[in-house]
Amino acid sequence: MNIAIVGTGYVGLVSGACFAEVGIDVTCVDVDTTKITNLQQGIIPIYEPGLDDIVKRNTAAGRLHFTTDLADCIDDVEVVFCAVGTPPDADGSADLTYVINVARRFGQLINKPAIFVTKSTVPVGTAKKVHRIISDTLAERGIDVEFEVASNPEFLKEGAAIKDFMSPDRVVIGTESPRARKVMERLYRPFLLNNFRVIFMDIASAEMTKYASNSMLATRISFMNDIANLCELVGADVNMVRKGMGSDARIGSKFLYAGCGYGGSCFPKDVKALVTTGRDHGYSMKIIEAVEEVNEAQKSVVFNKLRLHLGDLSGKRIALWGLAFKPETDDMREAPALTVIAKLLEAGAEVVVYDPVAMDECRRRMSDNVIYARDMYHAVDDADAIALMTEWKQFRLPSWHVIRKAMRGNLIVDGRNIYDPAELAAEGFLYTGIGR
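Residue numbers (my numbering): 586 to 1021.
Worth double-checking, as some hints may not be accurate.
[Unchecked claim] Keeping only pairs whose Cα atoms sit at most 20 Å apart, straight-line, the calculated SDA-like set for lysine to any residue is:
(1) 911 / 950
(2) 839 / 1003
(3) 911 / 804
(4) 641 / 618
(5) 978 / 941
(6) 767 / 786
(7) 742 / 849
(8) 857 / 797
(9) 748 / 839
(10) 839 / 754
(11) 911 / 941
(12) 911 / 879
(13) 641 / 619
(14) 839 / 740
(15) 713 / 698
Since the hints were derived computationally from the structure, they do not count as laboratory data. No experiment lies behind these values; they were computed from the predicted model shown.
Go ahead and model the full structure; you've got the sequences and the hints to work with.
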């Protein structure tokens, strides 16, 4: 079976590599010539555990190809996946420019029956726009070619994307076409041999499922951060509260961790887009609006704690452990660390940063405005405080006695609640976490 995937960003490249891994012939298409040239040479543009090996292996096996033009493979493929970006516009709505361009190009090129599958995260109603664009483009060409449009939203977690794709919780497919359903079943069957977890539904419901899923997870995070902030005021421990809540099977413990806010490429963008979709249809998404409001405020919690305990931050040296929005990725989009860095620099502090994989991305964003440490211990030299922003494994059990001797101050702001306050107190540190 031959397919094409347009867009070699996070979703497109992971999807293409994993489809190729089970024997499907995949051509990944991107207009970025440099990116395609690098991929052809085995240079991966993103950090994702396991992706480097799977791309190289399937490229060498002749199952994974890269090109800058869909025309190079369109006559050989049954399915074209659209996995291009849908960044937020100024009003929070999803920018569909790239999706529309791919749909138009599809209409300009197809000469035999094919299926256009939207894998990009798009608002409800996008499939209808795509269908109309393809139909209009075919009419302009004066030809009649059978095609179907389907929706297949992705549910990949950065840092665990290969596992998520190869052994998915579920595969959601929106289509009203029996032919498209049959093709998509055949395409995904290798991943679901033990438990065929494909959920078919109408296209609008599939488009909504993606936004609803991410917004629910974001809601749980913001809810716990709201509870954590109240815990601090009333003298409760949010970690104990979480255990008590999570033991209820109706609630569960996942995504109930308090911290310094969520970031990344999905939650912030999708929450904004869902709010905008509601507004466009005359409906106020009040809970989702509150989720975003709480999260934006939560990104400043670490800075506020630093200022509370250190007072005037001018001239203070602050070490930040972690820059990426979560472990096992170099993605800093909407990362809480960016908010904290900006506020610290504005307050006149000296900021020293360290992250296991996101240092280059930080340099791209921050240039020389911060100091880049060679490791986590180098970062704390003469520091007045340490702020943990990302819960990388290597930060979990550091040599505190070594760190205490290296630091000028003794403040630890634990933005992810991974440390034991009693242990740190015994080592001579002043500890503060989130909701503890």
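Against the structure, the hints:
A threshold of 20 Å between alpha carbons decides the hint, and for residue 911 with residue 950 the separation of about 17 Å falls inside it, so the pair holds. For the suggested pair residue 839 and residue 1003, the alpha carbons sit about 16 Å apart, so the restraint of at most 20 Å is met. Straight-line distance between C-alpha atoms of residue 911 and residue 804 comes to about 17 Å, which keeps the hinted pair within the 20 Å bound. About 19 Å separates the Cα atoms of residue 641 and residue 618, which keeps this hinted pair within 20 Å; it holds.
The suggested pairing of residue 978 with residue 941 holds, with an alpha-carbon distance near 10 Å, which does not exceed 20 Å. A distance of roughly 13 Å separates the Cα atoms of residue 767 and residue 786; the hinted pair therefore holds under the 20 Å criterion. Proximity of residue 742 to residue 849 is assessed by CA-CA distance (about 10 Å); at most 20 Å being required, the pair is judged to hold. About 12 Å separates the Cα atoms of residue 857 and residue 797, which keeps this hinted pair within 20 Å; it holds.
In summary, the hint linking residue 748 to residue 839 is supported, as the alpha carbons are separated by about 18 Å, within the 20 Å threshold. Straight-line distance between C-alpha atoms of residue 839 and residue 754 comes to about 15 Å, which keeps the hinted pair within the 20 Å bound. At most 20 Å may separate the alpha-carbon atoms for a hinted pair to count; residue 911 and residue 941 meet this at roughly 12 Å. In summary, the hint linking residue 911 to residue 879 is supported, as the alpha carbons are separated by about 18 Å, within the 20 Å threshold.
Restraint check for residue 641 and residue 619: the C-alpha separation of about 17 Å stays at or below 20 Å, so the hint holds. Under the criterion of a C-alpha separation no larger than 20 Å, the hint pairing residue 839 with residue 740 is consistent with the structure, at around 16 Å. Proximity of residue 713 to residue 698 is assessed by CA-CA distance (about 18 Å); at most 20 Å being required, the pair is judged to hold.
Checked against the numbered hints above, the structure breaks none of them.
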